[in-house]
Amino acid sequence: MTAQTKQEIAEANRRRYEELRAAGQELALKGLPEPTALDGAPIAADAVIHREQVPGGWYATLRLRRGEALRIVDDSGGSSVSLIGWREEDTSERVNCADTVKVQWSAAISKGRVILSDMGRVLLSLVEDTSGAHDLLVGGSTPASTLAAFGATTRNTQQNFLAAAAKIGLDVRDIPPCVTLFAPVSLDDAGRFLWNPDRKRPGDFVDLRAEMNLIIVASNCAHPLDPARPAATGPVTLIKHRAPPPGDDDLCRTASPEAARAFAFTDRLYA
Amino acid sequence: MTSISDGAYACDIPAERPWSHVLRKGQTLRIIDSEGQQAVDALLYCADDPAERYSSQDTLRVQGSAYIELGTRLISNKGRVMARITADSCGRHDTSAGCCSCESNAVRFGEATKYQHACRENFILELSKHGLTKRDIVSNLNFFMNVPIDASGKFTVVDGISAPGNYVEVTAEMDVLFVISNCPQVNNPCNGFNPTPIRVEIRDTPGL
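Read top to bottom, the protein sequences are chains W and D.
Heads up, the first sequence is in the numbering used here, so the first residue is 1 and it goes up one at a time.
Heads up, the second sequence is in the numbering used here, so the first residue is 272 and it goes up one at a time.
For reference, chain D alone in the conformation it holds in the complex:
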């Protein structure tokens, strides 16, 4: 953790590691894909009542379309706006593919991959710091992850499209616990088969 100026915060998250922080209403989190082609799995919980949490289906329903983009409102399971995507130099992010787990990796890629680190391991450990469990893990956001869905429903994780330094910004509309897993997946192209570090920066957002 590094303090970069008055009240501001920055942290480099190593490859394959989790992170969490409470984002106050009006603060903006910038997530930087430092080296490019790195998927960042994220969950949001209402800081005052974590039973209220990010809901992928509510978010897509309210938006009427399938991808997370600039302007997307991140909606809770109680129908409230938790945060907005306020800047994006990458273009398109997923919220339908979920996070990788040892168990789903074993199904997708063969049983040997069960013994590889996975996002759900990160989420379980990071959430445990906040009194939350596997039960609280829902379909997450996948920043910088490219998952096109075609008209027939075909669903493919393809090569990450983010370049080194690409970023996305999320501005909180309530106090939110923001939890990240810097994705360790090496079995599909979401991380270019090479997980790398990311950086997060938090600042107050004037005018909000």
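Isolated chain W (complex conformation):
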């Protein structure tokens, strides 16, 4: 390849990157919907498949078929829910926080965004979300973080994930970085993490629509940055339900060119 051709390719790649960046970051300003209202998005009684309440400190493992959704409700407003998940047919494909933030040009996810796997496919769509305050950078609690926070090791997300993984034949090697819902983490100019308690309300919920067959673990433990002493963690309600089939104008499927491609690659699994 001649030097000139190489230079031309580099310049074309830079132009494409700048165009994608501009489009991706403008989306956050004008294209994303308002959060779901706290009393919005009712689930029809006949769409509910299963409902359970998870006490503070505990976890639940759920299998979701493509097209089913999981509503997670922070009943008390004091909980955060750490989430990991694997593709049921090949558990080496799993939640990937890095690709989720990189592809969507944002470390913040909210209604209309997706959670991606490491294989360029969509695991979960945030089809409803009252909160928009979720963390993908800091992760869940651990034995060490609870000892530092509470003076004693308490139930924690790391050990919940280990236990949940073990019950489906997986182990520590299968546990990726997690998404934590209802965890209002932001950054100051120096890159230090901040906790924004005014962004948590009783009854906050998300609806996560499965875009492939999944095994999900939800751990209901205080986020390591949550300053409440003692921990304010209350029960959370999980409602597995049949989501309305996505239309051509589905919010998540059409949010951006990147999202559209990730859905196209996901659909091929089922074509």
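Don't take each hint at face value.
[Claimed, not checked] With a Cα cut of at most 25 angstroms, we get these calculated BS3-like pairs of lysine-lysine: (1) W:K167 - D:K349; (2) W:K6 - D:K385; (3) D:K349 - D:K296; (4) D:K405 - W:K167; (5) D:K296 - D:K400.
The set of hints was computed from the structure by calculation and includes no laboratory data.
Knowing the structure of chain W, use the given hints to seat chain D on it.
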């Protein structure tokens, strides 16, 4: 591989290639961005038990901030300090953006880019020498990669800020398998759209 003095080690890693080496406790690895603006993706595993490995989220949680800098302790998924950043002539490094893969490139930049070499291909091949697989790949370190995150969460890979010869040093606090992918990405500015060679040097660290 070149032996540079008693027990010391140095290696020039060509553009787009992987590398791995066991760093003994107390040894220091210097990673040199030989020509500048080159992202270096890195993973660490406990040499005695690779199920214990570098954890980006544990590292950021313990530090309380979002970037890898001088003094950062690299924390494992078991909460132990694996290594520390003991020298840095560049300034700021990422650990939230992960590595590039054929699959994520196709999503980010269009399907044609699926058939370009990527860090995850490097990691899979290099890890296979040590009995590890894709399953063992977690969110990695990106040395010399500039990924500012703003207050609203906006997340951008911007031009690499490292100059030719900039380096970062990592001192091991346990025996660690250190795995590098010299990033082949040509679709964003992390390598200045031109992947280049890097150099690694290992030495014993007196006083540790």
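Each hint tested on the structure:
no.	hint	verdict
1	W:K167 - D:K349	20 angstroms, holds
2	W:K6 - D:K385	19 angstroms, holds
3	D:K349 - D:K296	17 angstroms, holds
4	D:K405 - W:K167	22 angstroms, holds
5	D:K296 - D:K400	21 angstroms, holds
Of the hints listed earlier, there is not a single one the structure fails to meet.
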